[in-house]
Amino acid sequence: MENFTTILNNQTIPVADIPEVNYATFLEMNTGFILSSPERHCVNYFGYPVGNQIKLICCIADDNTHNIHVSSCLVNSADALDSFTARHHCFEKFEREIHENFGVGYKDHPWLKPVRYSKKRFDQSKTIANYPFYSIDSDELHEVAVGPIHAGIIEPGHFRFICNGEQILHLEIQLGYQHRGIEQQFLDKKNLLQRSTLAESIAGDTVVGHTTTFSHVWESLCGIQPSRDIEFSRTLALEMERMAIHTGDLSAVCADIAYQLGNSVLGRLRTPLINFMQEWGGNRLSKGLIRPGRNQFPFTPELAKRLTEVLEAYEPDFVEMNKQLFQLPSALSRFERTGVVSYDDVLSIGTVGMAARMSGLSRDIRSSHPYSLYPEITHEPIVKHHGDVYSRVQIRRQEVMQSMQYIRDMIANVPEYVEKEPMIGSPKPNSFTLSLVEGWRGEICHCAITDNSGELILYKIKDPSFHNWLALALAVRNNEISDFPICNKSFSLSYSGHDL
Amino acid sequence: MFNNLRIVYHQGKQYIRNTATTKVPGIFRGRPVITTEKVNETELIDLCPVNAIASNPVSIDMGKCTYCGECAKQFPNKIRFTSEYKISTNERERLIVKEGEDKLVEVNPETVRSDIHRVFGSSLKLRQVSAGGDNSCEWELNASNNVQFDMGRYGIEFVASPRHADGIVITGPITENMAEALQICYDAVPEPKIIVLVGTDAISGGIHAGSSALNRSFLDKYPVDLYIPGNPAHPLTIINGLLDLTRKKKW
Chain A
1 MENFTTILNN QTIPVADIPE VNYATFLEMN TGFILSSPER HCVNYFGYPV GNQIKLICCI
61 ADDNTHNIHV SSCLVNSADA LDSFTARHHC FEKFEREIHE NFGVGYKDHP WLKPVRYSKK
121 RFDQSKTIAN YPFYSIDSDE LHEVAVGPIH AGIIEPGHFR FICNGEQILH LEIQLGYQHR
181 GIEQQFLDKK NLLQRSTLAE SIAGDTVVGH TTTFSHVWES LCGIQPSRDI EFSRTLALEM
241 ERMAIHTGDL SAVCADIAYQ LGNSVLGRLR TPLINFMQEW GGNRLSKGLI RPGRNQFPFT
301 PELAKRLTEV LEAYEPDFVE MNKQLFQLPS ALSRFERTGV VSYDDVLSIG TVGMAARMSG
361 LSRDIRSSHP YSLYPEITHE PIVKHHGDVY SRVQIRRQEV MQSMQYIRDM IANVPEYVEK
421 EPMIGSPKPN SFTLSLVEGW RGEICHCAIT DNSGELILYK IKDPSFHNWL ALALAVRNNE
481 ISDFPICNKS FSLSYSGHDL
Chain B
1 MFNNLRIVYH QGKQYIRNTA TTKVPGIFRG RPVITTEKVN ETELIDLCPV NAIASNPVSI
61 DMGKCTYCGE CAKQFPNKIR FTSEYKISTN ERERLIVKEG EDKLVEVNPE TVRSDIHRVF
121 GSSLKLRQVS AGGDNSCEWE LNASNNVQFD MGRYGIEFVA SPRHADGIVI TGPITENMAE
181 ALQICYDAVP EPKIIVLVGT DAISGGIHAG SSALNRSFLD KYPVDLYIPG NPAHPLTIIN
241 GLLDLTRKKK W
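Just so you know, the sequences run in chain order A and B.
According to the numbering used here, the stretch in the first sequence is residues 1 to 500, in order.
According to the numbering used here, the stretch in the second sequence is residues 1 to 251, in order.
Please note that the accuracy of each hint is not assured.
Below are the DSBU-like pairs computed for lysine-lysine, each with C-alpha atoms no more than 30 Å apart in a straight line [what the hints assert, rightly or not]:
(1) B:Lys23 - A:Lys323
(2) B:Lys78 - A:Lys420
(3) A:Lys420 - B:Lys73
(4) B:Lys23 - B:Lys73
(5) A:Lys420 - A:Lys189
(6) A:Lys305 - B:Lys73
To be clear, the hints were calculated from the coordinates, so they are not data collected in a lab.
The shape of chain A in the complex, shown without the other chains:
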């Protein structure tokens, strides 16, 4: 028997099919996967209690072969293990999370800091008020503490800068303020509509991304094959969400460089997109639109006609505004060579989505592990190479145009909808499912495990921000502290998606 099993995106397998290996093999094999190719990355690595032990499951995706290698290992909470992180840094946060939740020790992990102070953390004596910040003892340096409440209307998180004059030497980002216990609530709430509603509130800016991932997990667990009209709606909604958020974030970047016109125009251009989502499903942020096994709001030819009008009005304004923004010397001087993260760094910390594509690392689940209608679209990821604010805003501008093209192609051929009973199944017992979706930030991964009776015993959520926050911390090094806002906004990471 192999030491790992290989699955595809959205595949359900019996838990018993995941080989259980000893820790030395588990460590060698999984770090070996990553070290041997930049096209492999860790999509999820987590633990859950089995008896009085902890079962670790590691999932490594191979972007070339579309396969996902899954393996497992049993450890004890009192163990002091060799860390994966010492071999490759991309496992850093996963191991911190395992340590925080179960107390598992690692001998050579750089620093096992708390990740989010989850309610069920192993060591309850650790509280969010006594986070162990890194500090440097020097008369030359000073620290700047920002948050958890920030100046604007955004989610809470604490940023601790160590600065030499105006220059940032180091930034540490402390999260956890948004922790609502979502993974636990997935187990406590037994009703499918409750769980769908929970998936919608993982990150309110990625409603379609997370509900689509949840729906995929649920349908796969229950053995349901969603009909074409359902797949169509999800793909369309995912691209609409990408367009709307990228437009809004470009507006926010303009605000951070004090370019009022760009801020106003791009800010108002987001409105027709999200208002269209309201016309379609009754909610500007698409809550209530995506449900497992059913087409809640069928996409009609009339809606296609409306959307065509919306895009026709949107495009010239978006193009005109961006043409101006991207030739303004005062804007470019703020974008270019600001907040750089190198290819080596993004590879080492394992960023995903836009935060990988900005530095020449092509990671995009739409092309590497396609789902819904993406196999037909043959998506070409947009990749930049400088890893700076400019690369990130360029990606947003070009992805808006790309998504618009996909949407136009799709709505030229709306699948027929026939009223039918929603498909309701029950989850298979003792099963494991993994689902990957490319949200606008990057790869979203949900995993589920069921018990003998088909009840969920684990629901594991990984938002792309889980990887990408560290990229922001690296981006601001050696930049002026006044450039922090554009660095932050050019990534636009999720606090609630990270804190769960």
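Take the given structure of chain A and dock chain B to it, following the hints.
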């Protein structure tokens, strides 16, 4: 320069002239209306993911409702969501809509604290605190300030420091990890000050109600001046709510 002017010209006038009477596009799930038709009430109550529906008489608590619309879909003759977005109120009970009633959900000027009109009637500066909010209500609060909704025209703005604020706007179900920061922020706002809850999560905990990771004790200590329901709350609900709280006259 000329390019900028050309863009301004192409944009034309974007603002919504009358934020109290404009129509929202397409379907919008605002204030529900419940008929007196007899239905299987147990089935109806079990359907709701957040226990917002109660029986005898059948009612929907808009402070708990996630506006998923499932009840209206399954029981179209019993429940209908209107596109009415003016649904903010200063009294928690007014958010509970009962069967057979078709009356507005609105601010009751009789019970608004006396200071509020006098002090905040023409200018209101607010400090927003997201305490476990999922970033949907936060997006909509930001949208309230964009060039279309343009809340700033009424003298209502969000400020960076609680020291400059007249009150706090809370979004999210209030997590335990955020409870202390919320308290510190509230304490830093000078008197007189108001508390506004935006969104279902803030008003009742929403889908997260009952989660052990929350700590909502802050709300037991202080009176809430305005409830702005929605999941997330619509910018027009936010703007009209704040205007009605600070400017609606007693008759």
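Consistency of the hints with the structure:
no. : hint                : result
1   : B:Lys23 - A:Lys323  : violated (33 Å)
2   : B:Lys78 - A:Lys420  : holds (22 Å)
3   : A:Lys420 - B:Lys73  : holds (14 Å)
4   : B:Lys23 - B:Lys73   : holds (23 Å)
5   : A:Lys420 - A:Lys189 : holds (27 Å)
6   : A:Lys305 - B:Lys73  : holds (25 Å)
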